[in-house]
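These protein sequence lines map, in sequence, to chains H and E. Residues 1 to 279 (our numbering) are what the first sequence spells out, left to right. Residues 1 to 171 (our numbering) are what the second sequence spells out, left to right.
Everything labelled a hint here was simulated from the structure, so no lab data went into it. Please note that a few of the clues may not be correct.
[Said to hold, decoys possible] Cross-link-like lysine-lysine pairs, in silico, BS3-like; alpha carbons within 25 Å at most: (1) Lys-242(H) with Lys-142(E); (2) Lys-71(E) with Lys-240(H); (3) Lys-119(E) with Lys-142(E); (4) Lys-71(E) with Lys-250(H).
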Amino acid sequence: MTKLTKYIIVWVIALCQTISSAQNCNVFLYQKDTLQYEACLIAEDAYQYYQYSREYQEILDKAIEKCPHFSYAYLNKSTAYLKSGDFITWKYLIDKAVEYNFRENIGYRGWCKFMFFRDYQGAIDDIESLEAVSKGNIGYSAGGHYHLKVAKALCYKQLGDVDKAISIMEQYMLDSANQISVFDHLHLGVMYLETEAYDKAITQLNLQSVQNDLAENQYYLALCHKKMGNDSLFSEHITKAKEMYLRNQKMVFHYTEPIDRVYLEEINQALIGNEKADK
Amino acid sequence: MYKIIIFFFSIIIMTQSCQHLSVPKDSRYLSMVGDIANDPKLDDPNFTLCDEKNTKQYHNLYEEMQYEGEKYALDNIFATQFKPSEEAKDSGMIRIRFIVNCKGETGRFRLMSSGYDYKKKQVDKAITDQLMTITKSLKGWKILSDKKGPKDYYQYLIFKITDGQIKEIMP
């Protein structure tokens, strides 16, 4: 491959990534919805601008002027408010997106309520509303790291109903149609740990080790072994947790703090506690 | 030669999406969502930015917020310094947004609050004043850089308050 070809391929990929963030307006044309089609064409101009920018917002406003029920414009306008923590404006805009396209946006709203604003009950309500109208798979979070059922389970856990969370997770894991995601075994393992089902916790955390080993995973394995009185395995896993943390093998999400995230200070404190116990 | 042509072509496209144009007077928007203009009545005159027009968002420069001792340390500061009041049993969400400049200093603090219904609401001042005071006192914000060097960036903290107690801090 010549250097020129390489340059062209890289440039085309970059261009395609920009274009792919936009909606295919022809969908509306096929549906004979000319108003949304025209609004969609207007909205396409926005995607050359940063989503926080005035230009981006103003172009999407024009799309809404053309078609006041064009949910895609509300959805895209809402993103900058979500990421900048403006929950009031975000909620107004995302509610409009949900109002005009419930099926496409209700799960996403629930996910955002959970991840950005720790609104656990609000997230559960949205995800369960989606389940009520969906015949099949309700889908994944923005970013694809979580199935929405797993997000729902985590919300129940955060509200204190760990048993219900476990029940949702177990059912989800049993359904072979579901793809186990990168943190699912970790979260179920921690739920078992919280209910003192240490053997089950260790099984899940070991599965996590195989699939996607993390400092968090090793930390919670250490806690399980500590609870079970196995100090040598505790030391082994907590030491590994620190090593992995320092190598940056840890849970990091864009924008927000993941559930079951562990920090270096917590690992250090566990290590110090063990050293004190040894003396 | 082709490298030069592609380079200039890319620059033209990139500048189309990155430029910070001045805001027309009739626009209802600031240059960027969440921008905080300097207000001499509110803001410390000694707080300055390195490059006002290129202030980033914290997530532009690093995936998660960057504080000395991580979010664990930040949570601990609020857990130890925030004193719930018997009289202030309010609930809601409070966002404090501010700028961390290229030297790691903070300024231009602005507060927004709502009920759990996401509707605008004034949360009890006994709560918001404490949160603002503690947030202004935080000294551990890291200097974040891009390839050109240290940048000014917007950061925010959201507090979930239930019956006057801090339940969660985000992001």
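Okay, the hints, checked on the actual structure:
Between Lys-242(H) and Lys-142(E) the alpha-carbon distance is near 22 Å, which keeps this suggested pair within the 25 Å criterion. Our distance criterion of 25 Å between C-alpha atoms is met by Lys-71(E) and Lys-240(H), whose separation comes to about 22 Å. A C-alpha spacing of about 33 Å is found between Lys-119(E) and Lys-142(E), which places the hinted pair above 25 Å, so the restraint is violated. A hinted pair counts as satisfied when its Cα atoms are at most 25 Å apart, and Lys-71(E) with Lys-250(H) qualifies at roughly 14 Å.
In summary, the structure is inconsistent with hint 3 from the numbered list given earlier, while agreeing with all the others.
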